[in-house]
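Undergrad: Here are the chains, one letter per residue:
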Amino acid sequence: MQEDLKKIHDFLFEIPPSGKMRVPARIYASERMLPDILRDHAAEQAANVAWLPGILGYSFAMPDIHWGYGFPIGGVAAFDLEEGVISPGGVGYDINCGVRLLRTDLQRRDVEPHLQKIVDAVFRAVPSGVGSTGALKLSNQQENRVLQSGARWAVEQGYGTVADLDKIEENGTMAGAEPDRVSSHARERGRAQLGTLGSGNHFIEVGVVQEVYDPVVARVLGLEKDQVTVIVHTGSRGLGHQVCDDSIKTMLRAVQKYGIDLPDRQLCCAPIQSEEGQNYLAAMAAAVNFAFANRQMITHWTREALQKALGISPQTINMQVVYEVAHNIAKIETHEYQGQRRRVCVHRKGATRSFGPHHPDLPSDYAEIGQPVLIPGDMGRYSYVLVGTENSMSETFGSACHGAGRVMSRTQAIKSARGRSLQRELAERGIIVRASSHETIAEEIPEAYKDVAGVVDAMTGAGIARKVVKLRPLGVIKG
Amino acid sequence: MSDPSIHFEILDHTADIGILVRAKTLEGLFDGAAQAMMQILCPHCQITARENHLLHLFGEDRQELMVNWLSELNFLLQTRQFLTARVEISLLTDQEMRVQVSGERVNPMSHVIRTEIKAVTYHRIQVHQEADGGWRSQIYFDV
Chain E
0 MQEDLKKIHD FLFEIPPSGK MRVPARIYAS ERMLPDILRD HAAEQAANVA WLPGILGYSF
60 AMPDIHWGYG FPIGGVAAFD LEEGVISPGG VGYDINCGVR LLRTDLQRRD VEPHLQKIVD
120 AVFRAVPSGV GSTGALKLSN QQENRVLQSG ARWAVEQGYG TVADLDKIEE NGTMAGAEPD
180 RVSSHARERG RAQLGTLGSG NHFIEVGVVQ EVYDPVVARV LGLEKDQVTV IVHTGSRGLG
240 HQVCDDSIKT MLRAVQKYGI DLPDRQLCCA PIQSEEGQNY LAAMAAAVNF AFANRQMITH
300 WTREALQKAL GISPQTINMQ VVYEVAHNIA KIETHEYQGQ RRRVCVHRKG ATRSFGPHHP
360 DLPSDYAEIG QPVLIPGDMG RYSYVLVGTE NSMSETFGSA CHGAGRVMSR TQAIKSARGR
420 SLQRELAERG IIVRASSHET IAEEIPEAYK DVAGVVDAMT GAGIARKVVK LRPLGVIKG
Chain U
0 MSDPSIHFEI LDHTADIGIL VRAKTLEGLF DGAAQAMMQI LCPHCQITAR ENHLLHLFGE
60 DRQELMVNWL SELNFLLQTR QFLTARVEIS LLTDQEMRVQ VSGERVNPMS HVIRTEIKAV
120 TYHRIQVHQE ADGGWRSQIY FDV
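Just so you know, the sequences run in chain order E and U. Quick note: the first sequence, position 456, residue 455 per numbering that gives the first Met the number 0, numbers continuous. Quick note: the second sequence, position 138, residue 137 per numbering that gives the first Met the number 0, numbers continuous.
Hints are computed from structural coordinates only; laboratory data are not their basis. Heads up, none of these hints are tricks.
As a list, the in silico EDC-like pairs of lysine to aspartate or glutamate whose alpha-carbon atoms are at most 20 Å apart:
no.	chain 1	residue 1	chain 2	residue 2
1	U	K23	U	E129
2	E	K248	U	E95
3	E	K307	E	D104
4	E	K256	U	E59
5	E	K224	E	E210
6	E	K248	U	D93
7	E	K5	E	D35
8	E	K414	E	E424
9	E	K256	U	D60
10	E	K248	U	D60
11	E	K414	U	D11
12	E	K414	U	E8
13	E	K248	U	E59
14	E	K136	E	E155
The shape of chain U in the complex, shown without the other chains (with noise of 0.2 Å):
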């Protein structure tokens, strides 16, 4: 997660959390998604690459795919208790996803979750190219 051209900001409404992303590829995008994502619900927290998961995912297109993507690293923290810190996409075309993501188990002496995502919705939810030729993409989450 060192890409330095990608940028994420946290958009805040009034009942619910969004996060606004921009990069200069699709597997930045996607891993910035993650990124943006892990800083909601675990603000500065230093996330160790301990172990791995191998994750093959789908969607119909781009903004389904992105939703699922976030939806099993949310599942990977409510069910395993996993927060991701690096990503490594081997493959990722508008409907198919190979990831590796990397990361450790919750510490309690060290993490601090902050905040429960429900679910990764549809709602305004944007996953498009530019026309300076870069990746852009906003996604609500119910929390």
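If we strip away everything but chain E, and leave its shape as in the complex, we get (with noise of 0.2 Å):
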């Protein structure tokens, strides 16, 4: 695939169409990121993509861009609402996995001596761990809420308050949600996983800002150096996961009832008008539902641990929603494509939206400087939070990337951790972790993943965001 590889520029390189390719594959990438990308197949999965009926410009790969199931994680594309399909291998099977990002008043100084305080404060209040299950048992017609109201149920129940739906993609309720497209498996997953971290690389993390890059656009965010910050990175949980795998059994049958050619079966989808795609879109909504509400409870009750933990009112921590994206998800949005404006499809699998400034759809106060991007990193070494160009709306769809991507395999990992006491080597760097199991922290060691700064600066240097801070971890709660 190298050989096949042309240079844009130093931050994009294609993948010229061959064989039954409708577009060409770019990725956007520094050269010294290629071989890792192309040594995971994951250009070749981003290649595959590019078969797929309706899709539109390109099939694009961000820089965290690696190997996923028939959509490589990192991958973009958008397709035409007529002649165009949906497949939920191009959402995840964790719909709606997202990040939020939370600013509090406080300062580096307030919370340093209390930090192992904090992280077990938040610890005991957000459950987590694998197969993590919440104190919330729902009933049918309250789950049923739940998937159409996403995070405005939440509130509505008394977990935050309106303001912080200002801050959400879609103000944290997806239209067009419908619980009756959601199977009984999978609601039966979500029922008791609401208000759960769930495992793996979702967490917890107290921060502070470490640098500033543009103080402007920093201070219209409401964030400063040494002040402290909140992400949270969770999912859809068990109710996704099963809507993701409902929905591939349904469209494996699509893919033969509508003679669609596929590379792999795991790009199975269905034209977006015909049944088989609206029910998942109906479907999807609702997990993504699901999700918006799960972070909006978790941020309830962190909140509440911080308070606790610190003995300050909520007027005194004044935390705040900076913004919240989702990074597996698929939306009907409207693009200037060749010149016109149309409404289409966009897939974004491990990628973000990034929409650029004066969009219709973001928070009045951020309309000049564009959308908050949230990529965070390992647990050891920092995130980033960037903004939305009108380069990403002209040539990503409006779409930057969502992490860093895993360097290596869990039990690679293990071993490089065994006999290490992780969590003394992080508290030497200043990092309280805690996990429901030590195996989590050593799946997770910040050397599993890649360096997030050289993600950001391919994005960052291709013009699709612009860096505004860095945040660096103080304490973290692994799932």
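Make one complex out of these two single chains by using the hints.
TA: The following block contains the structure:
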């Protein structure tokens, strides 16, 4: 594949169409990142996506691209609403996995002496770990309302405030959700898991603004150096996983029914306007709402835990949502394409929306700066806050990267962690970590991930997003 | 789960986990896939057959049936906290499976669930008979 790659500029490479590719694939990356990308067949997966009917422009891969199921992680593809398809594999199993960033009125010096207490309090307040279940057992009727209303439902139940909703993609409620399209299996998997962090790479991180790159934009976001922040990273738990699983079964039949030629079964899809396509979008939106509600509840408990641990009032802590982004989602959006404004269906799998300034979907106070793009790194280094640009609107259907991506398998990471006291090592770097099991910490050691700085530099180098601040972890609760 | 013809190994990939299973019979292959998955979920766990579930599963082909089978065991773990110890297959074709699974609910004192499997995928899936008549399957999990 390497020999086929055409360099467009320092941070963009193209795989020209070959075989049944309908459009080229374009990979945002630096030259230095390419060998890793090519080694794990992720570029081949980006080329496979270009086979899908109705794809517009390019099959995109963001700099954090890595091997996924069907679509690569870090894959973005937009489809014509009439000719195009919708693919559950282009969204991923963890529907609306996403990141929320909160800011506080606290300074680093306010929390550093109490970090262990804070981490313990958040760990106790938010159920986490493999198979974690919540305190809430939803009735069928309540679950319907969660699936329809998302974070708004959570706010109505007393989890957080209406002001939180302004700063969430879709304001925390995705339209078009039909709970009836969610199977009983999916409902059952989700019922006990609302308000839980889950496991794997999901986390809550208490951090601090380490570096400010753009003070003007940072000020609009309410961020300044040494200020304490919180990141919540989780998704739709078992409910979303099962919605994806169920839809893949349906789509495997749809591929035969509509005669769609695919290089990989996991890319199965259906025309957007077909019954199968519409049913998936309605079920997906329900799972999206489940995840919005989940992060809203976790935010509420995290706020309470911090207040309690520090013995301060909600007014003193003043913990507000900076923004929340989804990074596993498909959305119907309006974009300018070949000189015309068109409604298209954008798949973002392990990719973040990154709308530029003045987009009507932005909160009014962010109109001038563009949409915040939240890029978490590993637990030992740093995360970034970026903002979307005009370039991202004209090049990538308003999409950017979402994170770092693994470089070590879980087993490799555990081997590399053997005999080390990871918690002590991190504590020496000023980071307190707590997880339900030692293995989770071992699996998630910082060196198991790529350096997110390289990913962010490729994205900003290409002009798709702009750096605003860098955050550094102080206390981490791993799932 | 004592068929000596069943062999499996865990495939370790950067972001995910897979299994490679070999058995003399198709029944052994499905049994072995369940054992391998339990090994990922709850490594070295002693699971006792205390309760049974009867499952009747369908698929368009052997691959889909395999995905549906493992997905159902994952569903039982996620919703009933049920760990599978033993599998008794009474019917297995390319498209249909009747099976009784025996096992027990997770006991936090003796079982440590290590991994949450989001889904059983079709990625590079293989379920086929080899030249020597034996069976082989490769399955990846999204974790």
